[in-house]
Amino acid sequence: MNSMKDLGCELYEFAESLWPLNRSLTGEGVRETLLTIKAILPNLKIIEVPTGTKVFDWNVPKEWVISDAYIITPEGEKICHFGTNNLHVVGYSTPYKGKLSLEELQDHLHSLPDQPDAIPYVTSYYAPRWGFCITEEKRRTLKTGEYEVFIDSQLIDGNLNYGELIITGDTKEEIFLSTYICHPSMANNELSGPTVTTFLAKWLTELPNRKYTYRIIFIPETIGSLTYLSKNLEILKDRVKAGFNITCIGDERSYSFVPSRQCNSLSDKVARHVLKWVDPEFKEYSWRDRGSDERQYCSPGIDLPVASIMRTKYGAYPEYHTSLDKLGTVVTGTGLLGGFNVIKSAIEALEKNLTPRATVLGEPNMGKRGLYPTLSQKGIYQDVRLMMDVLTYSDGTQSMLEIAEKCDQPISQIQEICKTLFDFQLISFSD
Amino acid sequence: MNSMKDLGCELYEFAESLWPLNRSLTGEGVRETLLTIKAILPNLKIIEVPTGTKVFDWNVPKEWVISDAYIITPEGEKICHFGTNNLHVVGYSTPYKGKLSLEELQDHLHSLPDQPDAIPYVTSYYAPRWGFCITEEKRRTLKTGEYEVFIDSQLIDGNLNYGELIITGDTKEEIFLSTYICHPSMANNELSGPTVTTFLAKWLTELPNRKYTYRIIFIPETIGSLTYLSKNLEILKDRVKAGFNITCIGDERSYSFVPSRQCNSLSDKVARHVLKWVDPEFKEYSWRDRGSDERQYCSPGIDLPVASIMRTKYGAYPEYHTSLDKLGTVVTGTGLLGGFNVIKSAIEALEKNLTPRATVLGEPNMGKRGLYPTLSQKGIYQDVRLMMDVLTYSDGTQSMLEIAEKCDQPISQIQEICKTLFDFQLISFSD
Amino acid sequence: MNSMKDLGCELYEFAESLWPLNRSLTGEGVRETLLTIKAILPNLKIIEVPTGTKVFDWNVPKEWVISDAYIITPEGEKICHFGTNNLHVVGYSTPYKGKLSLEELQDHLHSLPDQPDAIPYVTSYYAPRWGFCITEEKRRTLKTGEYEVFIDSQLIDGNLNYGELIITGDTKEEIFLSTYICHPSMANNELSGPTVTTFLAKWLTELPNRKYTYRIIFIPETIGSLTYLSKNLEILKDRVKAGFNITCIGDERSYSFVPSRQCNSLSDKVARHVLKWVDPEFKEYSWRDRGSDERQYCSPGIDLPVASIMRTKYGAYPEYHTSLDKLGTVVTGTGLLGGFNVIKSAIEALEKNLTPRATVLGEPNMGKRGLYPTLSQKGIYQDVRLMMDVLTYSDGTQSMLEIAEKCDQPISQIQEICKTLFDFQLISFSD
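The listed protein sequences correspond, in order, to chains A, B and C. Going by the working numbering, the letters in the first sequence line up with residues 22 to 452, in that order. Going by the working numbering, the letters in the second sequence line up with residues 22 to 452, in that order. Going by the working numbering, the letters in the third sequence line up with residues 22 to 452, in that order.
Any given hint could be a false lead.
Copies of the same chain look alike in the list, so a pair counts if it works inside one copy or between any two.
With a straight-line cut-off of 25 angstroms between C-alpha atoms, the simulated PhoX-like cross-links for lysine-lysine are [as the list claims (entries may be wrong)]:
| no. | residue 1 | residue 2 |
| --- | --- | --- |
| 1 | Lys75 | Lys389 |
| 2 | Lys427 | Lys304 |
| 3 | Lys347 | Lys399 |
| 4 | Lys193 | Lys99 |
| 5 | Lys347 | Lys83 |
| 6 | Lys66 | Lys427 |
| 7 | Lys304 | Lys232 |
Rather than coming from a laboratory, the hints here were simulated on the basis of the structure. All values derive from a computational prediction rather than experimental measurement.
Turn these sequences into a full structure, and let the hints guide you.
And the structure:
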């Protein structure tokens, strides 16, 4: 097995280790998740923000503590047991203990008629209610009678937790990576996100040098990104040159992309370029198809250049937000590795995206440097054409990314050629 | 019958009342037409400009007075009788009384070989001559012999007349509407124009408030628009933000559009937007297809943003500029109402085309305001997506019209959503 | 025979007169070629630049003197005789006299397996070696045995020569024409270039007046253009408004175009316009397809607006850079004349490309000037529409070239209409 295959396995195993933890907006599951990540990234800071803290138009909610929950049918069967699958309980369910008729119970049950074998993922963070999620198949078998409901939960004053890792580079300019850690046991949306992000952070930490500083956060979705923005807005606006929201990055079905609100930020340009060379069939959505934390990062007045590079987008695959979004069937090591690599490529493209300028007027004499055949005959020009194209576009006004687009070649190849030209002192660089 | 159907009838009846008046560039028919309009719009000012007045490169022509005109055939039949159809006499025909052979007469006859049952519409405003217009069918029956020709007309020093109505609004910025009243008995080109314009003016007058001031003129084509421009150029250049030339607005066959010379003025953008939502198949012509008073309004150095919203364009339907352009067959109440409504929609779009700016950083908490479901489950986002899209584009740089285009929705719907968001203090407006 | 046919013959005969001269980067053949051109253009200055002169990143090479060269086969046949076809010897071959086995000889032979009847064109200007070019057919007949090789050549300190002709105009602004004179006996690439350029220069000299000054050079490719640039860079950057590299301009197969590096310079716009009206099927290449002296003229920091108008582009026809690129088969009088005319049209378009501005507000009264029918009836507007279109675009912001594009008409027709409008004082001109 080569090291790439190894990395696919490692990613998959890490996702498996996160699977059983009971994540929500807040609570013990979030903290356990962050500690599992910190085991790989020792410099991860785990931050807590108290319940009730004002966050723009919102307030940090209470912390949800849940020990157990289930229903006993009239036949005495224990169903919807939280211990079996944490999706069975509506997120942030209030405590309840009581007996109900089937009719009364139905108001508290959630299932998907179109996906009879799936337990849906349902939450009620900001309005107090309780409920259970159940497969449609099971629900149809429920008989009239008295049901005993038990939810041992609490909503307490506590904290919202998130993780932040700053990896310093040669400049204060930042690349921003964000992923979320608030969904219970689902694989593509969400474990692929923190998994790939953790290993990208590990790779970045191990790089001998970096041009950019990296700001990487693991947050609960929406309230987490709003909280992070409210605490760091000025610094983010000042420093972030590009950023990606990392989610749905672990299946093998496709590659896709949601641009930032600007649609043509550096993040967008790099993402489109890298995706095109990984998968010419990648799907570009519009900003109107957004649906994750980019909604906050790109909102008016915040305006960060945050794009989403994904495998198959949230909402675009049938298992999304159900118990069917599983490791093994939806998310695989190969899928995670593909996702990891495409974002790694985007980061590499950004790191080396300098603007070359020819040092010599007119075409240089490439032959005397051994860069060009000295015997001139029909057809030879084709072989060195790409190098000459890079030189002709090295006018100090266009970055390697723009040159790569003009030459219709991957930026990695343009960067390799630029390295050669730089070594021969035929170009210099500016930012 | 609902009120919309009522309005279609009212429009049609008003056009009928204008039909018999003998309009030309100048003269009694024009004044009667303006008085008929003034009966609906009491504040209409009727202005007179004396013959000989210098108007840019032109001079206001003499006033044409015609009492009667006809031809007596060798068989004693009275043909081409002005009293039967005012199209029979070439507009601005000089007086004539005499006897001619058929051969001599032919030089003064105008007919359309391709449309044998149509009397063509012919004028000679600036070169003195006389002539008759006749159907090709009738012309073919004329036999050799002596014809008695009688034209009782005069070209006298008099006035060019036009009507002007200013309806003040909250600002001095103006919307400019222009239509023409110089064609004799023809329905789409021209009675649809003054008819729809009269009722748009009536509707505007009755509005409880208006952002814009409306400048509405009823003029003879070309010399009238040149005259109006020469008297009001500075004020027009200073104040007019958008404008429409209103013609060919009463048939049911199609919707069409000629842009202003700029091609992308506010008038053009609004017209394209509104037409697209009324009829996705609407026909957009180019500026090179112009042919009415926009030729003057948009000419170099004048440069007003005047576009033409039409049903079927002049020149694009076979009955154009002939006696076949009739009420009932070409123009209908439904056709006039459709034309009225599309220009009304354009005006409404302009009136409310503000630029929203979100008042809150990040997405607001819509749930606590009852604008968003508090139970979060698969698929719910779609229901509130348009409101969230309007919010995300409310960055203070784009008007509702631009937001409507980005959201691919009619501006009326965007304006409704903006009203809700404004009522909840989630957006503020700038112009 | 009309004069256009005459000119085709003249062009063809001039190309024939250049055919036998042994051109290379330097040497007697170049000087003879320049003197043959000077016989048509007496003001041509022939300039010499000594061997070793530093030219940007290059040095002017030694002068190549060759008297004779051939191979004697084991059977005593004299093959690859320079006297028979100067393509037989690799350009800049070093002197050699000796006996070799067939195997040793093979390393010095060049042929084209895919074009068995063609002698390829091969050079080695900057690395000392010797070699022969031979048809693949002949090469296959060579038998084992001892071959006698004889090359009587010298590389001496001498000069690089080029020709320069300045034809002054009313302004110091320049149109720049460049063609090359370094290829031995090949017709489309290269004799069509100096042939057409010579006769364009003759035509320009004979014009009674010119707006622009013309700078026309006949140079060896690459080192010649670099040399010319290094001696004239500031003046070129300051004065050249448009320019064309003239090559492959004599066959009848197609018209084609390589834009300047800017892609949208005045040269590019004029070339595209003129080509479209000569041949709507003309082929536009991208800057990445460049391959002649525009590589130097447009390089970063030099940035001249030099485009290439061609018949069939170098590399795009099978005979290119072989002995099959012949007068008569590839290049014809008709082909040369077509090439001459299209560049002439481009120059004429540039000479008269003024910006009109209407002198009258509103449309002028065309009827009183006899420019418009005084009888107004259905359909007449079409006849004068183009003149009215030119007037409507005469707003002082767009040149005739832009107006021609908007009106979808050849600029020559727009220029004719502008002349009429100017004569009637309806427009004035600015540059």
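The hints, checked one at a time:
1. In this assembly of identical chains, lysine 75 and lysine 389 lie within 25 angstroms of each other by CA distance solely across copies; the values are 14 angstroms between and 68 angstroms within a copy.
2. For the identical chains of this complex, lysine 427 and lysine 304 are neighbours both inside a copy (21 angstroms) and across copies (19 angstroms), given an alpha-carbon limit of 25 angstroms.
3. Proximity of lysine 347 and lysine 399 under a CA criterion of 25 angstroms is satisfied inter-copy only: 17 angstroms between copies versus 58 angstroms inside one chain copy.
4. Taking identical chains as interchangeable, the C-alpha atoms of lysine 193 and lysine 99 are never at most 25 angstroms apart, the minima being 56 angstroms within one chain and 74 angstroms between chains.
5. Taking identical chains as interchangeable, the C-alpha atoms of lysine 347 and lysine 83 are never at most 25 angstroms apart, the minima being 29 angstroms within one chain and 74 angstroms between chains.
6. When the C-alpha separation of lysine 66 and lysine 427 is checked against a cutoff of 25 angstroms, the pair qualifies neither within a copy, at 42 angstroms, nor between copies, at 40 angstroms.
7. For the identical chains of this complex, lysine 304 and lysine 232 are neighbours neither inside a copy (30 angstroms) nor across copies (44 angstroms), given an alpha-carbon limit of 25 angstroms.
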